[in-house]
Amino acid sequence: MTISLKPNNSSPEKLQPTGWLKYISFSLDHKVIGLQYLVCGFFFYLIGGSLAGAIRLELTSPLSDFMPREVYNQVLTLHGTIMIFLWIVPVVNGAFGNYLIPFYVGARDMAFPRLNAVAFWLIPPSGLLLITSYFINGAAQSGWTAYPPLSITTPAAGQIIWILSVLLLGGSSIFGGINFIATILKLRRPGLKLMQLPMYCWAMLGTSILVVLSTPVLAGTLILLSFDIVAHTGFFNPGLGGNVIVYQHLFWFYSHPAVYIMVLPAFGLVSEILPIHSRKPLFGYTTMVFSIMGIVVLGLVVWAHHMFTSGTPPWMRLFFTIATAFIAVPTGIKFFNWVATLWGGKISLNGAMLFSCGFIINFVLGGITGVALAQVPFDVHVHDTYFVVAHFHYIVYGGSVFVIFSSIYHWFPKFTGKMLNENLGRFHFIITFIGFNLCFAPQHWLGLNGMPRRVAEYDPQFELINQISSVGALLMALSTLPFLWNIFQSILYGDDAGDNPWDALTPEWLTSSPPPVENWEGEAPLVLEPYGYGEKNSNKIKDQK
Amino acid sequence: MTSIVPKEQSSENKKDLSTEEHEDFRLFGLIAFLIADGMTFAGFFAAYLTFKAVNPIGPDAIYELELPLPTLNTILLLVSSFTFHRAGKFLEKNEAKQCQKWLLLTFLLGVAFLISQMFEYFTLPFGLTDNLFASTFYALTGFHGLHVTLGSIMIMIIWWQTRVPYGRVNKENIFPFEAVELYWHFVDGIWVVLFIILYLL
Amino acid sequence: MPKLSAILTLTSSLTLGVGGVWVAYNVDMLPVSASMNAPVYDELYRVLFIIGSILFIGMTALVIYSLIQFRRKPGETGDGIDLEGNISLEIFWTAVPAIVVLFVGLYSYDIYDRMGGMQPLMHNHSGHIENQGEKVWGGIGSGPIETSSSNNLSPLPIELTAMQFAFIFHYPKGDIISGELHVPVGKEVSLRMESKDVIHAFWVPQFRLKQDVIPGQPTILNFTPTKAGNFPIICAELCGPYHGGMRSNVIVDEQKDFDTWLKENSKETI
Ligand code: HEA
Ligand code: HEA
Ligand code: CUA
Ligand SMILES: [Cu+2]
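Chains as they are written, first to last, in our numbering: chain U, 28 to 572; chain Y, 0 to 200; chain E, 1182 to 1451.
Isolated chain U (complex conformation) (with noise of 0.2 Å):
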């Protein structure tokens, strides 16, 4: 059966209202609420970030001064569920999907606009709702966990928030995720195969399977850990017959591929980057397709590592170990690839590349150090200790976090027609790129050497290293003036960008900046080699000039 898309599409389209207004309104444009996600999770960055300043002053000294014990946990909690749910996971799927798959796949919107529309407009509700929840009563203070029967036992309120605005999150991140696998396999512009489709497009199929596969068991459990708080059931609670082992279990079946929920878009996003700044075809287009999709079949059988002193059998714990270890081969393909990609190019040292080698970089390390953690002779020491602090930090901060802001820099002339000063971007990543290093580097050690996570109150030996690392937050926290005056200053007096200021192929650059509302004036382009790039085929841009 066939439906016309065009009076499904465009007659709300007339209805809507034009100019900023549309960017805090129910707009269908998928390119409107890519925006409307991106400036939000930046919002929830802000909070988040200043969460942060809050726990790395208070560990500025080894007594818990600063803020109260119960409130360093609210504040450690807040700042972990707001930096995943709210920030990383709406940015690199949300905000890039919505804006750059439609274009990929040679459509004029997403599969199903308005399903789009409000899977964004759960987000600042439930955001609020979760902040909000600070000032009732008291935050959720059991960590982005929630493990119980902690959970069961700490103040009711801020759980039962927590877990109604994590749900409506899941909730908003399954409709995204059904929306972007409906878009990708089925709204494909005739004559485009899936494998000439730009990279990211594959980095968000896998990401929205696991998102389909994986959000629905978190919002089961937290189902029934809410009857625990409520009705006071027992299937957590040991005291009435429960166990707490198997809210580990389906938490992390869940958590555990949010991880690469985080980060495979981000590498999508490192593939659209890099070739265009280093003019080359993106190296090893087949197996980096590949990679992705081992990656999302490890990531769902790998969840129990981060259980490894909960009391799991050994079998299970060899099992675990092995299939975690070996995510780093298709991982490991897709980084060497990208080296293989800079190799003999013309890179162009700008914001958006630096960014992108930043993130190379500090993944590696924070992949290195996944790998460690993934033994678990290993793991038994450092297991809830600052290492793993760090490890994360290097991944979801080194990693996904500088991908946003390179995919900021990239993207931001398609966005706004204007374009960024290259100079202050430069300055903006070194000092961020310091400042991250200097953070997280030394919580390694704080880990190895006896340091736990989640305390407001440490060995006074650990008091010099702590203040190394909270001088790094407060340089990271500092990098984000010269950016946030860059985007402000070039939104009012940038230079022009024209079209396409990158010289690029992918087919969001062969429309105006910023697009049309249908993305292109006429027909759309039929991009079959969205990496074409190379002295060979140099010319191929000035035909198309």
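Hints are computed from structural coordinates only; laboratory data are not their basis.
Ideal Cβ placement from N, Cα and C applies to all residues, glycine included.
Take the hints with a grain of salt, since some may be wrong.
As the list claims (entries may be wrong) - Per label pair, the in silico range of CB-to-CB distance:
(1) Phe27(Y) <-> Thr87(U): 50 to 56 Å
(2) Val1208(E) <-> Val192(Y): 54 to 60 Å
(3) Arg162(Y) <-> Phe515(U): 53 to 59 Å
(4) Leu66(Y) <-> Val1277(E): 55 to 61 Å
(5) Gln223(U) <-> Ile173(Y): 31 to 37 Å
(6) Thr49(Y) <-> Pro182(U): 27 to 33 Å
(7) Gly188(Y) <-> Phe346(U): 28 to 34 Å
With chain U fixed as given, assemble chains Y and E with the ligands onto it according to the hints.
Chains Y and E with the ligands alone, transformed into the frame defined by chain U:
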């Protein structure tokens, strides 16, 4: 190979993309959603089975469940799947009256299921918070019952929309009907799994 | 030219790798090792550190080298080389990490076995487990540590109860209750742990051991201290506001000092 097909070449037999006909992907989206929904159930089942396997006092160590009522429920749901399918056949033949009749029957079967489920709840010797088994039992059947309730409401909406001549669901616009039908079969399938795991195992 | 630079990068990353080895052996990155399995752990740590350094420094060097060597010089136009892939290279860098990971996995399995982690619980010497017929989950070293089998005596049983926010140790022999853990040096200890409220974790960094203490689910941890001294016991699982303050000490004594302590504190006369 060129990377960008020149305009003349590619637009030969294709019109502007926005008016172009293409496959209906709403069903695809629905299937993706049902997979997600199924994963929620999978999580519940996994929890139940692990509770049973690892807990010192397994969830079902205390109570024996009576089989007659749930068996009746299984039959009710299976028959309702069949009646829904019949309704669809009539809709395809444009016989709205017959279709509505079968839809109504499906709805009544769904309601009968819910009533019988309620009856079971009230006659059971345990309450929600009595023990782990009671809790998982109510969580699983309750979550499924919620699905049946939603499905029954949607069936009534479809029933309303298939009336001639004002209804908007007919042979030409059959998707809403198909969507609810698929959903109903899905809820049925879940019940069968649930019946096996909870009552028979 | 590309060949030369490849050799250059390779040699430089190798040199840096050797530097990594040196650092791993000469810079103290871990706390004192005070139990049988700590030296085994440190051995694993060194191997992981060396492999990690080589990979990390190698990758970083490659990226930085590319950025400098292939940067766009002022006034330069045009594209890079047209290079879309290379099958043998792909196979190479799929195989190398696979081999490394396989090696690391097998090696850490061996380490784990040497720490006693693979021992099934039935083989446990501490008699009180089977007696109660309950399910107990083992931690690392839930079995006897291989190297400690020199003394054939059964391990010293101690029971640990964790609660918000304290560790309480109970010595069945002598019925002693203590807030600190006293153990003799060189003798295997078998800790049976259970929590009263929420999940806690028993961690002694100098022993390189950690095991969650779970409500409703006893866990067991065996270890043999090798150094007399006073080491911190740290709760490593978020357990509430005072989680950071939930600490205690393990006091490792010479056997005779321990015996005195035991005698002085026991309720029954032995
Ligand atoms: C985006 C997020 C992200 C990503 C991508 C990863 C990726 C990985 N993570 Fe991480 N992880 C987290 C986020 C992430 N992690 C978080 C948030 C936690 C803490 C949760 C909490 O408790 O709060 C955590 C915790 C965590 C643990 C539990 C630690 C503990 O609590 O005790 C483990 C253990 O196995 C682990 C392992 C890994 C591994 C093996 C990878 C691999 O995917 C990495 C693979 C990549 C590489 C290896 C680098 C590139 C490869 C090469 C250059 C090839 C050559 C390399 C080798 C041969 C080694 N992670
Ligand atoms: C997913 C993404 C993500 C990101 C981007 C970050 C970013 C940062 N994180 Fe966070 N973090 C987590 C995810 C993330 N974190 C998670 C999941 C946990 C675990 C929670 C748990 O245990 O449950 C955690 C826990 C965690 C801890 C451990 C707390 C503990 O266990 O006790 C620490 C401590 O140093 C920390 C620090 C930081 C810092 C300094 C940043 C910085 O990179 C932030 C830099 C950004 C800014 C600073 C914002 C911009 C500037 C301003 C708004 C101006 C105002 C600034 C100040 C007042 C300083 N994080
Ligand atoms: Cu007990 Cu933390
Ligand atoms: Cu994980």
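These are the hints, each one checked on the structure:
no. : hint                                 : in the structure
1   : Phe27(Y) <-> Thr87(U): 50 to 56 Å    : holds, 54 Å
2   : Val1208(E) <-> Val192(Y): 54 to 60 Å : holds, 57 Å
3   : Arg162(Y) <-> Phe515(U): 53 to 59 Å  : holds, 58 Å
4   : Leu66(Y) <-> Val1277(E): 55 to 61 Å  : holds, 59 Å
5   : Gln223(U) <-> Ile173(Y): 31 to 37 Å  : holds, 34 Å
6   : Thr49(Y) <-> Pro182(U): 27 to 33 Å   : holds, 29 Å
7   : Gly188(Y) <-> Phe346(U): 28 to 34 Å  : holds, 30 Å
Violated hints for the displayed structure: none, as all numbered hints are satisfied.
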